[in-house]
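Novice: Sequence:
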Amino acid sequence: MTTLVIGASGFIGRSILRKIQGPVIAFDKVSTNNKFLREVEIVSSDVKNINDLLVGRKIQAIIYLSSATTSLDQFNLDEEKIKIDLENAKLIVNFCRANKVKKLIFASSGGVIYGAHNIPPFKEGMALYPRSIYGLTKMLLEKYFLESLSNSLTKVLILRVANPYGEGQNLNGSQGVIPIFLRKIANGETLYLRNRNSRRDYVYIDDVANAFHGALSYEGKENIFNIGGGGSIGLGELTSLLEIIVGKRAKIVDVPPVDTDLENSFLDISLAKSELSWAPEVNLKAGIIKTFNWISDEN
Numbered sequence: 037m038t039t040l041v042i043g044a045s046g047f048i049g050r051s052i053l054r055k056i057q058g059p060v061i062a063f064d065k066v067s068t069n070n071k072f073l074r075e076v077e078i079v080s081s082d083v084k085n086i087n088d089l090l091v092g093r094k095i096q097a098i099i100y101l102s103s104a105t106t107s108l109d110q111f112n113l114d115e116e117k118i119k120i121d122l123e124n125a126k127l128i129v130n131f132c133r134a135n136k137v138k139k140l141i142f143a144s145s146g147g148v149i150y151g152a153h154n155i156p157p158f159k160e161g162m163a164l165y166p167r168s169i170y171g172l173t174k175m176l177l178e179k180y181f182l183e184s185l186s187n188s189l190t191k192v193l194i195l196r197v198a199n200p201y202g203e204g205q206n207l208n209g210s211q212g213v214i215p216i217f218l219r220k221i222a223n224g225e226t227l228y229l230r231n232r233n234s235r236r237d238y239v240y241i242d243d244v245a246n247a248f249h250g251a252l253s254y255e256g257k258e259n260i261f262n263i264g265g266g267g268s269i270g271l272g273e274l275t276s277l278l279e280i281i282v283g284k285r286a287k288i289v290d291v292p293p294v295d296t297d298l299e300n301s302f303l304d305i306s307l308a309k310s311e312l313s314w315a316p317e318v319n320l321k322a323g324i325i326k327t328f329n330w331i332s333d334e335n
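Okay, so the sequence shown: first residue is 37 according to this note's numbering, each after it adds one.
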């Protein structure tokens, strides 16, 4: 089975490439380093060229990770980014129909899509009330894929991923609390905490990749799955755990939360456990230690 991974050069994409078996096409605007990969064909291009570049190819499954909007787009209504996401989604749907793709797996967000009107742990069947542009875009794409391909040969699966972390994450970006805080604590940089009591769900990157791998072989009737760490931790408690692992006290400044911040956000993963036969294997402390060891080696 040939699997097409769109957004393959990103944090989650690179981890998925290491997990899935068989022929794989890694598709991304940014070239993917394949020195550690098997049976991977690299295609460096924009999604708008997908039909020209992959015409006649027998693609059985697509893992769609790419997104123009990001979690940084909260109130920022960037019409160009939203337009790109919608146009790319239409291209993917048309490609699936024309090429009789058996499965489309879409990476959605478990952190922002449920909204403040729901009480965690969030379940897949809850109504969605996203408060950010990013969350709204993810919700729209979910519905578009599910509705547009409902009468086709393509089975659509939505994986709502919590907060992934681990080796390979951008240490100098603005997303990824755990690796960024680890680096800052180690370097004596200041942490800015918006709400020490807010609780979040963190899932180790290898467990995320395993979930996508499991979804490739899923033949059941469900379409939407939460992928999380199976618990939650407060921001203050997390910071203390990071201090213990680094062996150094953090410099902390408390700042006000922003309007799109949820007080608490964590997922019920029981459906993924029962249907995908998936569960997180790396607990939070072990995952943080792995991540810190990687950061230490990188530096």
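Some hints could be false.
[As the list claims (entries may be wrong)] List time: in silico BS3-like cross-link candidates among lysine-lysine, alpha-carbon distance up to 25 Å:
no. : residue 1 : residue 2
1   : Lys309    : Lys287
2   : Lys309    : Lys326
3   : Lys55     : Lys326
4   : Lys65     : Lys55
5   : Lys94     : Lys55
6   : Lys284    : Lys220
7   : Lys119    : Lys159
8   : Lys287    : Lys326
9   : Lys159    : Lys257
10  : Lys191    : Lys309
11  : Lys138    : Lys257
12  : Lys126    : Lys94
13  : Lys84     : Lys159
14  : Lys136    : Lys220
15  : Lys191    : Lys179
16  : Lys179    : Lys257
17  : Lys257    : Lys220
18  : Lys284    : Lys191
19  : Lys126    : Lys136
20  : Lys159    : Lys94
[As the list claims (entries may be wrong)] Label-pair restraints from in silico Cβ distances:
no. : residue 1 : residue 2 : range
21  : Ala322    : Ile155    : 20 to 30 Å
22  : Gly209    : Leu277    : 19 to 29 Å
23  : Ile280    : Lys119    : 37 to 47 Å
24  : Thr226    : Leu189    : 35 to 45 Å
None of these hints come from the bench; they were simulated from the model. All residues carry an ideal CB built from backbone N, CA and C; glycine is no exception.
Novice: For a quick check of understanding: which of the numbered hints are violated here, in increasing order?
Specialist: Hints 1, 7, 13, 14, 17, 18, 20 and 24 not satisfied by this model.
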